[in-house]
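Trainee: The hints should help you fit chain B onto chain A, whose structure is shown.
Protein chains: 2
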Amino acid sequence: MANLNAGSAHPIDLGFHALADATRRAVIQKLHHGEAAATELAEPFDMALPTFLKHLKVLEAGGLITTRKEGRRRICRLEREQLARLSGWINAYEADWRGRLDRMDAMFEEGE
Amino acid sequence: MANLNAGSAHPIDLGFHALADATRRAVIQKLHHGEAAATELAEPFDMALPTFLKHLKVLEAGGLITTRKEGRRRICRLEREQLARLSGWINAYEADWRGRLDRMDAMFEEGE
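From first to last, the protein sequence lines stand for chains A and B.
The numbering of the first sequence is the numbering used here, which starts it at 1 and goes up by one.
The numbering of the second sequence is the numbering used here, which starts it at 1001 and goes up by one.
Hints were generated in silico from the structure; no laboratory data involved.
The beta-carbon is built from N, C-alpha and C at its ideal position, and this holds for glycine as well.
A couple of the hints might just be wrong.
Estimated spans, in silico, between C-beta atoms of each pair [as the list claims (entries may be wrong)]:
#, chain 1, residue 1, chain 2, residue 2, range
1, B, R1085, A, P50, 29 to 35 Å
2, B, R1072, A, P50, 49 to 55 Å
3, B, L1053, A, G71, 51 to 57 Å
4, A, T39, B, G1034, 48 to 54 Å
5, B, R1073, A, R73, 55 to 61 Å
6, A, E40, B, P1050, 24 to 30 Å
7, B, I1075, A, R73, 49 to 55 Å
8, B, G1071, A, T66, 30 to 36 Å
9, B, F1045, A, G71, 38 to 44 Å
10, B, M1107, A, G34, 18 to 24 Å
11, B, F1045, A, K54, 30 to 36 Å
12, A, Q29, B, G1034, 34 to 40 Å
13, B, E1060, A, D46, 28 to 34 Å
14, B, D1105, A, P11, 31 to 37 Å
Just chain A, with the same shape it has in the complex:
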């Protein structure tokens, strides 16, 4: 995959970048059901803990999760506002509004 993102740090860039990986999306799916400790989140994945923690850092940099320490545990929490911001960006372009407006125009003309 070509890396043309080097050096960019826009919150929207970092958010979409964080979503571009199956492990990170699985973490989001899990956190949808509630907060969880980093070690607990890591369990289902067949990877070294430091590698998994890097994924959490990418999610944090992307604004998709926040973390806090509780004793020796690092608790992760889903940040739905950033998800809403990212889907909001996509939603503006997903629908063919021009096509819809053309069809509405045609309907009005037929009705005249």
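Mentor: For chain B alone, coordinates are given in the frame of chain A:
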């Protein structure tokens, strides 16, 4: 930005990766208004044409655009279905359904 995506090629990975860059998002915004030639799309950007064409390739790999040759021009077209797929993925986790259900439960209990 940590590159933990090396080697992955899931269509959803490639789609979100394509969205993680301001140039590529600007191309999507432009194509929202209709098809356009690659050279025409490149004009507003202060970058070498080969660099810009790499961005188009990332968009194409991500399923967000398709391109076709018309004489010497390469025409680009927005693929809204992939945008819908990506926002669909996000939308499933964006809302706090558990919180909403808890609040609904509380409302019913108050009404009893």
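Trainee: For every hint, state whether the structure bears it out.
Mentor: Quick rundown of the hints versus the structure:
no.	hint	verdict
1	B:R1085 <-> A:P50: 29 to 35 Å	holds, 32 Å
2	B:R1072 <-> A:P50: 49 to 55 Å	holds, 51 Å
3	B:L1053 <-> A:G71: 51 to 57 Å	holds, 52 Å
4	A:T39 <-> B:G1034: 48 to 54 Å	holds, 51 Å
5	B:R1073 <-> A:R73: 55 to 61 Å	holds, 58 Å
6	A:E40 <-> B:P1050: 24 to 30 Å	violated, 46 Å
7	B:I1075 <-> A:R73: 49 to 55 Å	holds, 54 Å
8	B:G1071 <-> A:T66: 30 to 36 Å	violated, 52 Å
9	B:F1045 <-> A:G71: 38 to 44 Å	violated, 50 Å
10	B:M1107 <-> A:G34: 18 to 24 Å	holds, 21 Å
11	B:F1045 <-> A:K54: 30 to 36 Å	holds, 32 Å
12	A:Q29 <-> B:G1034: 34 to 40 Å	holds, 36 Å
13	B:E1060 <-> A:D46: 28 to 34 Å	holds, 32 Å
14	B:D1105 <-> A:P11: 31 to 37 Å	holds, 35 Å
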